[in-house]
Amino acid sequence: MGKILNKTILPGSTIGIIGGGQLGQMMSFCAKEMGYRVIILDPQPNCSAAQVSDDQIVAEYSDVDQLVELAKRCDVLTYEFENVDASAINEVKKYTQVPQGIKALKVTQNRISEKDFIDANGFATVPHVVIENIFEYHRGVEKLGAPVILKTIRGGYDGKGQILITDPEDVCFADIEHLLMQGPCMLEKKIDLEKEVSVVVSANSNGEKSIFPIIENVHRHNILHLSTCPAQISKKSAQHIYQVAETLAEKLELVGTMCIEFFISTKDEVFVNEIAPRPHNSGHLTIEACNISQFDAHIRGVCNLAMPKIELLKPAAMVNLLGQHLEAAKKELVQHPEWHFHDYGKDAIKENRKMGHITILSDDLEKTKQAIENNSIWDV
Numbered sequence: 002m003g004k005i006l007n008k009t010i011l012p013g014s015t016i017g018i019i020g021g022g023q024l025g026q027m028m029s030f031c032a033k034e035m036g037y038r039v040i041i042l043d044p045q046p047n048c049s050a051a052q053v054s055d056d057q058i059v060a061e062y063s064d065v066d067q068l069v070e071l072a073k074r075c076d077v078l079t080y081e082f083e084n085v086d087a088s089a090i091n092e093v094k095k096y097t098q099v100p101q102g103i104k105a106l107k108v109t110q111n112r113i114s115e116k117d118f119i120d121a122n123g124f125a126t127v128p129h130v131v132i133e134n135i136f137e138y139h140r141g142v143e144k145l146g147a148p149v150i151l152k153t154i155r156g157g158y159d160g161k162g163q164i165l166i167t168d169p170e171d172v173c174f175a176d177i178e179h180l181l182m183q184g185p186c187m188l189e190k191k192i193d194l195e196k197e198v199s200v201v202v203s204a205n206s207n208g209e210k211s212i213f214p215i216i217e218n219v220h221r222h223n224i225l226h227l228s229t230c231p232a233q234i235s236k237k238s239a240q241h242i243y244q245v246a247e248t249l250a251e252k253l254e255l256v257g258t259m260c261i262e263f264f265i266s267t268k269d270e271v272f273v274n275e276i277a278p279r280p281h282n283s284g285h286l287t288i289e290a291c292n293i294s295q296f297d298a299h300i301r302g303v304c305n306l307a308m309p310k311i312e313l314l315k316p317a318a319m320v321n322l323l324g325q326h327l328e329a330a331k332k333e334l335v336q337h338p339e340w341h342f343h344d345y346g347k348d349a350i351k352e353n354r355k356m357g358h359i360t361i362l363s364d365d366l367e368k369t370k371q372a373i374e375n376n377s378i379w380d381v
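Numbering (my numbering), first residue to last: 2 to 381.
Keep in mind that a hint or two might mislead.
[What the hints assert, rightly or not] Lysine-lysine pairs mimicking PhoX-like chemistry, simulated, CA-CA at most 20 Å apart:
| id | residue 1 | residue 2 |
| --- | --- | --- |
| 1 | Lys73 | Lys94 |
| 2 | Lys94 | Lys210 |
| 3 | Lys190 | Lys237 |
| 4 | Lys196 | Lys236 |
| 5 | Lys370 | Lys315 |
| 6 | Lys332 | Lys351 |
Since the hints were made in silico from the structure, they are not lab data.
Predicted model only: the values in this text are computed from it and were never measured.
Hey, can you work out the whole structure from these sequences and the hints?
Here's what the structure looks like:
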């Protein structure tokens, strides 16, 4: 039950990262800046994270032999995404420090266990039911009332693995059956939504925490489009969100960085949506906006360094660059000295794939948001 890592891992040591996407890349940037060596395990040669690391093991995430090889070569092991196999992590713990453990992984890899965990700790989730067949689907819709969202229990991100059902009489049952064929699903009530927000919290093995300011998020086609900080929400909602972050971090025995996403209704009700046991897209703006970033905090946490109090140095807006935006944004960069431009170096540019982001520090967030919305780059 106790924390796994109690000793400090000093610069000069080697950090292993499972996963080589942009989150791993930004973790590696921070680790290298502090003087750590970094080895990435990812099936894609020269993945984003490997481009800025010392070495890469090219292997599937399910390759236990290669995960053990990575563990043997590093002093501490971490991961950049939540779909790492918990049993594989248990195996590699024999060979190196894995301070994050598997509790947060096991809770968050399954929507049922995640919702049950949140409910058990006394925090509200949107009304939901678990369904396994089309008959239970009909009963669920009747109980919750439309509109509802059908979601797979495992996996799913950026809108994948879910269906919005506005009118139960006008729906493609083949799509519903397709999701149900993958196993039990969760049917959630779509609330009258005012805002979506998130909060990033980081901790070390000694239980010291760094909690970041609340971030307000706007999605397009279920993909995060724009994040702004500080979030424009009531003091009451903010206090509750910080309480949730503090409590869930304790209960999950958090080490490293995690993000909690929330819905705020038009009646100012706060619902916990999801927990991501890793740095989060919405937290990218912390790189420029805060005294340390969510990635610095993650490295400090897993290496058991002291955790600082977080300061927001300046309000900020972050906008994602998807495949269809990247080239136009590069050309326009010369006109925007205020843009902090991040390109993840991915080899294949695809529509709706996250290729980079831009952060803008601003004394007038509303004006900055309007400038982003008025820019035709993001109309595509």
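Open item on the list: Of the numbered hints stated earlier in the document, which are not met by this structure?
Closed with: Of the numbered hints, 2, 3 do not hold.
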